[in-house]
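Visitor: Chain residues, written in single-letter form:
Number of protein chains: 2
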Amino acid sequence: MNSVFLHHYLIFMTTETLVKNIKAKKSFLCIGLDPDLNKIPKYLLSEEDPIFEFNKQLIDATHHLTVAYKPKTAFYEAYGVKGWISLEKTINYLNLKYPEIFTIADAKRGDIGNTSTKYAEAFFTDLKFDAITVSPYMGIDSVEPFLNFEDKFTILLALTSNIGSHNFQEKMINNTHLFEQVLTESLKWNNAHNLMYVVGATKATALIKVRAIVPNHFLLIPGVGVQGGSLEEVCKYGINQNIGLLINSSRDIIYAGSDLDFAQKSMEKAQLLQTKMAEILSQNGF
Amino acid sequence: MNSVFLHHYLIFMTTETLVKNIKAKKSFLCIGLDPDLNKIPKYLLSEEDPIFEFNKQLIDATHHLTVAYKPKTAFYEAYGVKGWISLEKTINYLNLKYPEIFTIADAKRGDIGNTSTKYAEAFFTDLKFDAITVSPYMGIDSVEPFLNFEDKFTILLALTSNIGSHNFQEKMINNTHLFEQVLTESLKWNNAHNLMYVVGATKATALIKVRAIVPNHFLLIPGVGVQGGSLEEVCKYGINQNIGLLINSSRDIIYAGSDLDFAQKSMEKAQLLQTKMAEILSQNGF
Chain A
11 MNSVFLHHYL IFMTTETLVK NIKAKKSFLC IGLDPDLNKI PKYLLSEEDP
61 IFEFNKQLID ATHHLTVAYK PKTAFYEAYG VKGWISLEKT INYLNLKYPE
111 IFTIADAKRG DIGNTSTKYA EAFFTDLKFD AITVSPYMGI DSVEPFLNFE
161 DKFTILLALT SNIGSHNFQE KMINNTHLFE QVLTESLKWN NAHNLMYVVG
211 ATKATALIKV RAIVPNHFLL IPGVGVQGGS LEEVCKYGIN QNIGLLINSS
261 RDIIYAGSDL DFAQKSMEKA QLLQTKMAEI LSQNGF
Chain B
11 MNSVFLHHYL IFMTTETLVK NIKAKKSFLC IGLDPDLNKI PKYLLSEEDP
61 IFEFNKQLID ATHHLTVAYK PKTAFYEAYG VKGWISLEKT INYLNLKYPE
111 IFTIADAKRG DIGNTSTKYA EAFFTDLKFD AITVSPYMGI DSVEPFLNFE
161 DKFTILLALT SNIGSHNFQE KMINNTHLFE QVLTESLKWN NAHNLMYVVG
211 ATKATALIKV RAIVPNHFLL IPGVGVQGGS LEEVCKYGIN QNIGLLINSS
261 RDIIYAGSDL DFAQKSMEKA QLLQTKMAEI LSQNGF
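Residue numbers (the numbering used here), protein chains in the order written: chain A, 11 to 296; chain B, 11 to 296.
Hints may be right or wrong, so weigh each one.
Because identical chains cannot be distinguished in the list, a pair is counted as satisfied if it fits within a single copy or across any two copies.
Restricting the straight-line Cα-Cα distance to at most 25 Å, the calculated cross-link-like pairs of lysine-lysine (DSS-like) are [what the hints assert, rightly or not]:
#	residue 1	residue 2
1	K49	K138
2	K181	K30
3	K138	K92
4	K66	K246
5	K279	K52
The set of hints was computed from the structure by calculation and includes no laboratory data.
With the sequences and hints as input, model every part of the structure.
Guide: Okay, here's the thing in structure tokens:
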């Protein structure tokens with residue numbers, strides 16, 4: 011594939027492409043690439059770049075079962091310059107070898123306008139991710155610089171799956187939760203069609219409230235598996251006419267094995283989820 | 011200075027040291043190191059690492075007038091691996107040459123627990139910053155991993171200086187603003203003595219509300235200068251028995267000049283602020 015075509019392809023990742031891929035693969039799985047040198051197979055530690063080697067093998071083994079990969083930037087930044095190089099190699103590998111796959115920088119960034127623009131440049135222009143996760147706390151001018159990038163997606167934290175989500179996200183403001191205010195406000199922002207939202211799977215019934223406000227947007231759902239969320243529950247309340255769901259699984263899949271066959275074990279775990287997803291898609295007429 | 015001593019010195023940055031430095035330098039200035047290749051002096055672009063060269067000259071020219079430097083990570087990430095190298099060189103230069111200076115990674119991170127731990131390792135252990143800015147949206151378990159580092163400071167976003175602060179931070183929850191809830195809740199968290207807070211200078215009267223909840227903690231105040239905040243107003247409402255303020259200025263200082271003498275121009279701008287600060291300290295009996 012020549013680079014002109016690659017560039018052309020990359021800038022046209024759209025909702026339509028994503029939906030088409032979900033239907034083709036019968037999967038709305040997103041795999042979290044959160045490599046930790048203390049957890050990856052020991053034999054990889056002698057590689058020049060153990061993190062990239064780990065990711066590469068995982069990607070090659072699972073790419074047919076997943077529509078998205080989501081590296082959490084923290085797991086790369088923890089290793090400084092070396093980690094950033096591993097992140098760059100990982101996204102370049104994905105964009106070159108599997109350009110149809112949706113790539114999410116799970117960075118949870120957000121700052122005043124000129125600074126958010128720099129973050130958007132870092133992840134959309136420099137690294138060429140299709141999407142980035144963003145924190146809503148600083149409001150409109152901290153998020154719009156991301157939304158200004160057409161054919162890129164801004165995945166806003168709404169309701170997260172961790173314990174601390176009770177502290178603020180679930181507080182009531184004029185009879186609605188803060189996370190509902192985030193959803194409602196964000197729809198007024200420039201290029202709101204480029205938004206997706208993070209909604210934790212441990213709050214499946216909260217999805218009723220979420221879908222009442224954002225019936226059409228895609229939701230990125232972490233927390234299925236280790237964190238206790240149920241895939242069936244999430245789909246029951248979250249699925250829409252475009253499917254509209256990306257279900258993330260990280261640790262369950264990427265640490266399924268710890269030996270030479272680790273990628274095979276990961277593939278088997280991903281396969282289990284994909285099989286369930288194919289059933290759910292079929293039950294819902296897709 | 012040998013590395014054992016350096017290490018020993020670095021892990022003992024405390025509030026007492028910071029206050030001592032403020033009194034010695036008669037300054038509570040923090041300089042934002044937010045380098046943009048489109049804005050730095052053109053002659054630096056032929057350097058091998060223009061960003062580090064820009065920072066180095068700024069630091070050497072202003073270190074006697076400031077008690078803290080605060081690189082915004084976005085301005086480094088925008089340049090990928092090269093940018094991260096510049097950030098690493100900048101913090102290493104500060105820690106080696108000016109170890110008494112308080113260093114803040116303005117990163118606005120925050121994620122679920124195991125991921126926040128990775129961010130804390132990235133900025134506290136790997137890069138050896140004294141402090142990091144953190145977003146409160148995900149609550150207790152997204153912030154405590156930072157607080158767990160003793161002799162390191164976690165600077166929580168409370169009330170920011172941008173327009174979008176109206177969207178959520180100033181919303182009312184049970185008769186108090188969300189930013190007040192953030193302050194109140196955070197005091198219950200493990201190692202809350204390691205907290206500082208971001209409070210925008212454009213809201214000087216809001217400082218009354220802030221000081222009612224956190225009378226003793228340090229506040230990091232952006233927004234003086236370009237963003238319109240008044241130094242006198244901020245000090246009137248924000249100063250406490252430990253001084254308790256770090257006033258950040260970025261663009262006003264770092265882009266004061268654009269030629270060979272840019273660092274001298276920056277020094278003059280910093281000098282103006284430091285002179286005002288010395289007066290304010292004197293008026294307040296420090």
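Visitor: Would you pick out the hints that fail for this structure and give their numbers low to high?
Guide: Checked against the structure, the hints that fail are numbers 2, 4, while the rest are satisfied.
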